[in-house]
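Assemble the complex: chain A is given as a structure, and chain B must be docked to it using the hints.
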Amino acid sequence: MTTLPPVIRFAEVGQTFGKDDGTAVTAIESVTFDIGRHEFLAVLGPSGCGKSTLLRLIAGLIRPSRGRIEIYGTAVTEPRDEIGIVFQRPTLLPWFDVLGNVTFPMRHKYGRVTDAERARARELLDLVGLSDFSDKAIDALSGGMQQRVAIARALLLDPDILLMDEPFSALDALTRDEMSLELLRIWTERPKTVLFITHSIPEALLLADRVIVMTARPGRVREIIEVPLGRPRSMTTLAEPAFHAIANHIREELFSRTAA
Amino acid sequence: MKSSSPAPPREAERPGPAEAPIDAATAEPGTALPPRRIVVWLDRFAPVLTFAGLIVAWEAAARFFEIPSFLLPAPSAILAAGLAVPGTVWVGHIWATLRVALMGFALATVVSIPLAVALTYSRLLSRTLYPILIIIQSTPIVAIAPIIVVTLGASDLPRVVITFLITFFPIVVTTATGLLATPEELIELSRSLRAPRIREIVHIRLPYAVPYIFSALKIATTLAVIGAVVAEFVAAERGLGFFILFSTSYFKIPQAFAGLAVLVTLSLVLFRLVGLAQGWFAPWSLPKSAR
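Top to bottom, those sequences are chains A and B. As numbered in the numbering used here, residues 1 to 260 make up the first sequence, in order. As numbered in the numbering used here, residues 261 to 551 make up the second sequence, in order.
If you are wondering where the hints come from, they were derived from the structure by calculation, not from laboratory data. Incorrect hints may appear among the rest.
Unchecked claim - Cβ pair distances, simulated, as ranges: (1) A:R112 - B:L314: 37 to 45 Å; (2) A:A119 - B:L309: 43 to 51 Å; (3) B:W540 - A:D115: 22 to 30 Å; (4) A:T23 - B:L314: 57 to 65 Å.
What the hints assert, rightly or not - List time: in silico DSBU-like cross-link candidates among lysine-lysine, alpha-carbon distance up to 35 Å: (5) A:K109 - B:K548; (6) A:K136 - B:K548; (7) A:K136 - B:K478.
Glycine included, every Cβ here is placed at the ideal spot set by N, Cα and C.
For reference, chain A alone in the conformation it holds in the complex:
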């Protein structure tokens, strides 16, 4: 993995937002890291550490105030086709059924949906475990199922890079664990470069190859940790001594900062 050039590169990136009252808030400062091909990278940090800003910078939705962001070696200046996004809330469209929501990016980008795309959307629904729900209304689905639809929607245009902004944080604890394992399965079947934002230490460790621990206000990279857990992972991974050691280490990192 290290021999290949990075898929995403952050070089000394800083982001400052001007507020209406004339003051400025620095969301992130001197953030530098690389993400390799098909790597699963989790960004972990307290609220207000600019995690969502990182995601929006990669997506090209905002331009960095300082530094440089590259995807495949070219600077990010606008949204690109290689990227799919899953948000914290499913934000599905209630006027379409499940299949209509999955094919929505196609309809929205190109104005029409071909039969080939519809077939592809059905495959993706099968992948996320919702093959029997393609003609169901959105409000007939549970929160976890809605987030599955949102994942299928993000995969429709076959992006190389999947950006996930705390996608399971609005779900209950049991559904959340289930969805984490589902995501691992999907990622194994369809390898992607994933940037996964979370504030849950177990979730980050269960899913990621590497974890970036951020500090708050302004967000800086505190530490980048290689997760020393083998794959495939399951809920039993959470019981391994290595898991507890690394989780405790991250907890200390986060709390020593707040105490300082």
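Chain B only, in chain A's frame:
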């Protein structure tokens, strides 16, 4: 293993209500009827019962206190006066008012929704047009109605314009609120796909505003009827507003009340039609219980 989250809790919902009355009856021995049934029945017919009760009380008060009919006619007198007017006369007046109300309503809808989109998307338009819209809304249209009639002549045009002026503002404001209520994530999704801006409006913002638009249209139907009546008060030789004015000036108060009753009915029917249209065209925009 693709077993997804458990199916939606449909089975769980089914048993409850059917068994509840029995529980209630056993819980309170000695009552003749299960109390739940009365509650359900009352809940169902409450609007009709309230209305009927009011009419009966009104009729009783009018008879008992011998209120003169030119002050407050009894419902029976109003009904009799209404039936005394030939059906063709009613149809003529109803159609005159309905036509103006519908034209004003249609014009307000056609102008207000694109206007709301323009105000939402252009800061310049919002800065220039919005103050003017608020000034128009703050102007008592009733007061300038005679001026409008003088300016635009004695055709349908001034009546439609008056109706439009009374109707359009709530549609603009409510639609704009709906357009801005779209979740930020969906706009980001649209930007990340680099979709044309027009599709952001047509595919995301306008559909999201649909529940707001229907609420606005419901309010607008009643305002349109008010607008048509205001216009008829100023200058008309037909219409329900004219009919009420005319009846009052000849001291036929029960007949004026009959005109008022027809007017209210017209308003209610239009209001209901918008609700039905929402059920037909956008059932997803209604709360689950209302489908």
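Against the structure, the hints:
1. Against the hinted window of 37 to 45 Å, the Cβ-Cβ separation of R112 of chain A and L314 of chain B comes to about 56 Å, which falls outside the hint.
2. With their beta carbons about 57 Å apart, A119 of chain A and L309 of chain B fall outside the hinted range of 43 to 51 Å.
3. For the pair W540 of chain B and D115 of chain A, the beta carbons lie near 29 Å from each other, so the given range of 22 to 30 Å is met.
4. Evaluation of the 57 to 65 Å hint for T23 of chain A and L314 of chain B yields a pass: the beta carbon distance comes to about 60 Å.
5. For the proposed pair K109 of chain A and K548 of chain B, the alpha carbon gap of about 31 Å is at most 35 Å, so the pair holds.
6. For the hint pairing K136 of chain A with K548 of chain B, the CA-to-CA distance comes to about 15 Å; that is within 35 Å, so the pair holds.
7. With a C-alpha separation of about 29 Å, the suggested pairing of K136 of chain A with K478 of chain B holds against the 35 Å cut-off.
Hints 1 and 2, counting from the list given before, are not met by this structure.
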